[in-house]
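These protein sequences, in sequence, are chains A and B. Counting in the numbering used here, the first sequence runs without a single skipped number right up to 186 at its last residue. Counting in the numbering used here, the second sequence runs without a single skipped number right up to 372 at its last residue.
Just so you know, these hints were derived from the structure itself, not from any lab. Even glycine gets a Cβ: it sits at the ideal position worked out from N, Cα and C. Accuracy of the hints is not assured; some may be wrong.
[What the hints assert, rightly or not] Just so you have them, the derived chain A footprint on chain B, three or more residues with Cβ under 8 Å:
1. 284-298
2. 329-343
[Unchecked claim] Derived coverage of chain B by chain A (criterion: at least 3 residues anywhere in the stretch with Cβ under 8 Å from a Cβ of chain A; other residues may be distant):
3. 188-198
4. 202-210
5. 317-323
Protein chains: 2
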Amino acid sequence: MAKATIPYTDYFKETIQRMREDGLLLVTCDASGTPNVMTIGWGAIGSIWGRPAWLVLVRPSRHTYSRLEEVGEFTVNVPPKELAAAAAHCGKVSGRDHDKFQEMSLTAMPARQVRPPVIAECVVHYECRVLHRNDLAPQTLAQAVHDEYYPEDNFHRIYYGEIVASYAEEDAARRLGGPTAFATLR
Amino acid sequence: MAKATIPYTDYFKETIQRMREDGLLLVTCDASGTPNVMTIGWGAIGSIWGRPAWLVLVRPSRHTYSRLEEVGEFTVNVPPKELAAAAAHCGKVSGRDHDKFQEMSLTAMPARQVRPPVIAECVVHYECRVLHRNDLAPQTLAQAVHDEYYPEDNFHRIYYGEIVASYAEEDAARRLGGPTAFATLR
Chain A
1 MAKATIPYTD YFKETIQRMR EDGLLLVTCD ASGTPNVMTI GWGAIGSIWG
51 RPAWLVLVRP SRHTYSRLEE VGEFTVNVPP KELAAAAAHC GKVSGRDHDK
101 FQEMSLTAMP ARQVRPPVIA ECVVHYECRV LHRNDLAPQT LAQAVHDEYY
151 PEDNFHRIYY GEIVASYAEE DAARRLGGPT AFATLR
Chain B
187 MAKATIPYTD YFKETIQRMR EDGLLLVTCD ASGTPNVMTI GWGAIGSIWG
237 RPAWLVLVRP SRHTYSRLEE VGEFTVNVPP KELAAAAAHC GKVSGRDHDK
287 FQEMSLTAMP ARQVRPPVIA ECVVHYECRV LHRNDLAPQT LAQAVHDEYY
337 PEDNFHRIYY GEIVASYAEE DAARRLGGPT AFATLR
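Excised from the complex, chain A in its bound form:
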């Protein structure tokens, strides 16, 4: 099915819903173009510096981190529910010693504007170019968050990506779960 260009705000609700359920697939690549994918459960979408923006959090220990530092571009891909196992796997193992695309039969499809590919089996795609990055400031982090997520002080780096393309399958809304599934979210 064709992937049609959409305003980047169109699937916010479904994107956040899927991010909280199974996670989204963040794809990066190294300078030679070899892609890697990891699962993200946190992020934000908005408009910053007059530009559409996707903010993602990546820990320095991640394979993705070195790729983002090397090639400042990424894609965020929203998996349909049938990719739940792939999302779980991509969140568990590292691209250092796993070819997650192959292991989970994910198809790397060339992106429109950036070097990292998108994942063909996903239904909504955001292509992003990093405009900025900064780091969590541990001393200003709420204690409850620090205790819960950073017991080893492995703080995230935040990447501010300008969304340079966004598109979706025509039946994306249906495949990502309708309003009923979403009503329980908060």
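Once you've looked at the hints, dock chain B against the given chain A.
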């Protein structure tokens, strides 16, 4: 008209649209509860640390900045189009020497969960408690953004607010402009 609780993701599209058109109204208060309002044109909404989040950018030169540092709570209010003049005014003058609520006939209505009030005349409201803040890192900012927005190196601080309540007027969608108005946005 009653303001009904909504999932925080419900009015994302309209919120971003209004942020880009006239701006949103960011309300803070000092320790004594005196409110101040400023207009914001940038921000992001998402889910971070398993919590609904609103990210706002505030320059240290702003009156709002000292309030956010003192009372780590804020509300984001989405103005209908008829408040365009108020949004413009609140973005131009400082709360140091202006009572913008009075000047623009804005009604400070007690919030449900945080100390700063919401603005009764607005139609969607997000109440937020700051979980974290960090600063832009000038050395990693895209040159085009630096040149365009920070010629005087007056860099923003980014506040990560947990959304602790969100609600809207029942006719919010209509009052914020329907799909037709939004179709042109990107």
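**OP:** Run the structure past the numbered hints and jot down the numbers of the failing ones, going up.
**Re:** 1
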